[in-house]
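2 protein chains.
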Amino acid sequence: MSKITIISVGKPKEDYQKKAFEEYKKRLSKYCEVEFIEVQDQKIPDKCSKKDEEKILSIEGNLVLKRIPLDSYVFVLDVQGKELDSLEFADKIEKLFIASKSHLTFLIGGSLGVSSELIKRSDFRLSLSKMTFTHLMSKEILLEQIYRAMKIHHGEKYHK
Amino acid sequence: MSKITIISVGKPKEDYQKKAFEEYKKRLSKYCEVEFIEVQDQKIPDKCSKKDEEKILSIEGNLVLKRIPLDSYVFVLDVQGKELDSLEFADKIEKLFIASKSHLTFLIGGSLGVSSELIKRSDFRLSLSKMTFTHLMSKEILLEQIYRAMKIHHGEKYHK
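Chains G and R, in that order, are what the protein sequence lines are.
According to numbering that gives the first Met the number 0, the first sequence holds residues 0 to 159 in order.
According to numbering that gives the first Met the number 0, the second sequence holds residues 0 to 159 in order.
Bound-form chain G, shown alone:
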């Protein structure tokens, strides 16, 4: 069975966010195994200099790097990355699965974004939108797009 790992920084603060993630995990279980890894976020000081920001990004980035499963194909979510529409994204996933890349990892940075190390480590920089989304909302959107992709490939109707 294919596997999808989503590594993100910080934990959901609101209960409704946790519920949304669990709901998608449950729905996706029909098609693939989904694993969530949450690494510790760093407290952002009120007066945060450029240097402080870089330090936080680097600490958080290193925690993420250590958790990337070997032999998985790595997407990093980055507003500066490439935008795909839902069909292109579904095709991309399908092609990876066909090419025996049956383990996909998605990296989602914290409040300050993703470090340059994470971008270097990734195989594909994916932008969900020109707009900047919160990292928690990005996770929910990503899960929904993966679910949509699975439905498309299984020729199932998707009206939701």
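Wrong hints could be hidden among the right ones.
The list makes no distinction among identical chains, and a pair is therefore deemed to hold if it is satisfied within one copy or across any two copies.
[Said to hold, decoys possible] Derived BS3-like pairs (lysine-lysine); straight-line CA-CA distance at most 25 Å:
no., residue 1, residue 2
1, Lys12, Lys24
2, Lys12, Lys25
3, Lys129, Lys46
4, Lys10, Lys25
5, Lys156, Lys49
6, Lys25, Lys156
7, Lys10, Lys54
8, Lys91, Lys29
9, Lys91, Lys129
10, Lys54, Lys156
11, Lys156, Lys50
12, Lys150, Lys42
13, Lys129, Lys81
14, Lys65, Lys2
15, Lys2, Lys17
16, Lys17, Lys94
17, Lys10, Lys24
18, Lys91, Lys119
19, Lys29, Lys156
20, Lys150, Lys50
21, Lys91, Lys25
22, Lys150, Lys24
Don't read these hints as lab results, they were simulated from the structure.
Mind docking chain R on chain G? Use the hints.
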């Protein structure tokens, strides 16, 4: 005080979605009045012809049209519309408020999208992403972007 009306088709199915909408409404109350209008969605038959789809779009579109407040500036959410980044979106809202357009309305279609009548009636076709999102997720993203815009204009920090 400025006012924002969001008219959408159908009601949230999951409790966590309702909670997300209410949370953003509460947070936004510091900056503007937010009103949610939900019109009845139509049942989509299992075998839905192009003609059926057009009929559903037209019925849902007419229900939305009737609820658009007079003298408001109307955005319609449409994947074929124009993408703005978060700063451009914040600027657009700010400029409308300065130009005395203190009531903004956002239209979100149902599962099948938006009717041509809604597109004609709108002042701006806004695309949140190249990706197609569910209409409920679009509402949550939109609320978050409006909240982000308000924070930007009030010079407040936004890390969330």
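The hints, checked one at a time:
1. Lys12 with Lys24: both (18 Å within a copy, 17 Å between copies)
2. Lys12 with Lys25: So Lys12 and Lys25 pass the 25 Å test inside a copy (20 Å) and across (16 Å) alike.
3. Lys129 with Lys46: Result: close neither inside a copy nor across copies, 27 Å intra and 35 Å inter.
4. Lys10 with Lys25: both (19 Å within a copy, 22 Å between copies)
5. Lys156 with Lys49: between (47 Å within a copy, 15 Å between copies)
6. Lys25 with Lys156: Answer is within: at 18 Å inside a copy they meet the 25 Å cutoff, but 35 Å across does not.
7. Lys10 with Lys54: For Lys10 and Lys54, only the intra-copy Cα distance (20 Å) is at most 25 Å; the inter-copy one is 44 Å.
8. Lys91 with Lys29: The answer is within: 20 Å in one copy meets 25 Å, while 42 Å across copies does not.
9. Lys91 with Lys129: both (20 Å within a copy, 15 Å between copies)
10. Lys54 with Lys156: The answer is between: 19 Å across copies meets 25 Å, while 46 Å in one copy does not.
11. Lys156 with Lys50: between (49 Å within a copy, 18 Å between copies)
12. Lys150 with Lys42: Answer is between: at 20 Å across copies they meet the 25 Å cutoff, but 39 Å inside does not.
13. Lys129 with Lys81: Result: close both inside a copy and across copies, 10 Å intra and 11 Å inter.
14. Lys65 with Lys2: within (18 Å within a copy, 47 Å between copies)
15. Lys2 with Lys17: Within one copy only: 20 Å inside a chain, 30 Å across chains, cut-off 25 Å.
16. Lys17 with Lys94: neither (30 Å within a copy, 36 Å between copies)
17. Lys10 with Lys24: both (16 Å within a copy, 22 Å between copies)
18. Lys91 with Lys119: This pair counts as within: shortest intra-copy Cα distance 20 Å, inter-copy 35 Å.
19. Lys29 with Lys156: within (15 Å within a copy, 41 Å between copies)
20. Lys150 with Lys50: between (44 Å within a copy, 24 Å between copies)
21. Lys91 with Lys25: within (23 Å within a copy, 39 Å between copies)
22. Lys150 with Lys24: Answer is within; shortest intra-copy Cα gap is 14 Å, inter-copy 32 Å.
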